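Asker: What follows is the residue order along each chain.
There are 2 protein chains.
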Amino acid sequence: MSAIEFYFDFSSPYGYLASTQIDDIAARYGRTVEWCPYLVGTAMKATGHQPMVNTPMFRDYVLVDVPRFARLLGVPFKLADSFPLVATAASRAYYWLQGQDPERAHAFAKAAYHAFFGEGKDISKVDELQAVGDSCGTDGKRLAEAARDQAVKDLFKQKNDAALAKGVFGSPYILVDGEPFWGADRLYQVEKWLETGGW
Amino acid sequence: MSAIEFYFDFSSPYGYLASTQIDDIAARYGRTVEWCPYLVGTAMKATGHQPMVNTPMFRDYVLVDVPRFARLLGVPFKLADSFPLVATAASRAYYWLQGQDPERAHAFAKAAYHAFFGEGKDISKVDELQAVGDSCGTDGKRLAEAARDQAVKDLFKQKNDAALAKGVFGSPYILVDGEPFWGADRLYQVEKWLETGGW
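Same order as they appear, the protein sequences are chains A and B.
Mapping of the first sequence onto this note's numbering: residues 1 to 199, in sequence order.
Mapping of the second sequence onto this note's numbering: residues 1001 to 1199, in sequence order.
Bear in mind the hints are in silico, worked out from the structure with no lab data behind them.
Any given hint might turn out to be false.
[Claimed, not checked] Covered stretches of chain A, going by a simulated chain B footprint (3 or more residues, C-beta under 8 Å):
1. 64 to 72
2. 145 to 151
3. 185 to 193
In this text, all values refer to a predicted model and were calculated from it rather than measured experimentally.
By construction, the Cβ of each residue, glycine as well, lies at the ideal position given by its N, Cα and C atoms.
With the rest of the complex left out, here is chain A (with noise of 0.2 Å):
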């Protein structure tokens, strides 16, 4: 079976709460997830959408959601000063990292999100970004400059056209076998979905 495609883009609260999850959702029916980073931004751009941080009355409610809900999960939960921030670099060093070696590029992955909403780090900087990198035990330095690669930024203009072919316009947004979930409250769907084979 193909992998559960998992869309999130390194700035949204919720996807870092599912990306907490989804990996021993997935491993419970043997299945693997594809991480794949993108820029949110980039459907906005299509639906019109505005982030929900910057909305009136849907910010206060964020602000007390997500916190609410990293508890109810038992993860850590910090909002940075730089909350929101434009993830392109953490997004273009992940594929970078993931045409080397990919387990390496999701440890990279889960990592990046935990220093940004775990910790509160500000990982569009480029010394934040090195650190995460050498923490998962790549060249933090060399996955800093990789980055700003002309051939990476490239790539990842595919990767976000990729999503948004694929009508991928939130964060998270899993497709399992083409099946699409929006949000991280649609993880216990998800569940039901790879335990019963669809409904």
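For this one, chain A is given, so just place chain B on it according to the hints.
Answerer: Leaving out everything else, chain B in the frame of chain A:
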């Protein structure tokens, strides 16, 4: 303990899905539910959001997701030709009836939601609204007339303003002792909150 506040728009499919569950969830914890129809459009003027069904990509998702969610819950779903509609008449009728007979108003709200999303009937039309009223043992003709009374219009405007003042912006939007939960996919968190008293 105070009633759980269940805010919804009669034109919202996710509000409908939640409406089929919320009373049972509350009853399991000895709680009652105050049903509070309002117009999400009122909040959208404040938030700048658009209905998902009018938004590219979101629309495609919703048309997959809502029937799938209904199947998971085992509740009927039929998208009306008249969807989306402006649910002013049904909402006004509800508040008028609530002033006469709160239990019957509750039954009316359930029946109106079922007529629109379970059977695909256009509840913005006077004859359908009247039929829903009749099916609940009230005088449907009187109910449909009441929805056009100026006093009832004013009352509904107050209800909308009050929802907005509480920060309500979605459908469903559920307040459990002041704690907000947005979305039909949060019902499991509402239940957990009732079970544990919060976390």
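Asker: If a hint holds in the structure, say so; if it doesn't, say that too.
Answerer: Going down the list of hints, with the structure as the test:
Counting residues of the segment 64 to 72 of chain A whose C-beta lies closer than 8 Å to any C-beta of chain B gives 6; at least three are required, and the coverage claim holds. Coverage of the segment 145 to 151 of chain A by chain B is violated in this model, with 0 residues showing a Cβ closer than 8 Å to a Cβ of that chain against a need of three. Residue count for the segment 185 to 193 of chain A with a Cβ under 8 Å from a Cβ of chain B: 5. That meets the three needed, and the coverage hint holds.
The structure fails to meet hint 2 from the earlier list, while all remaining hints are met.
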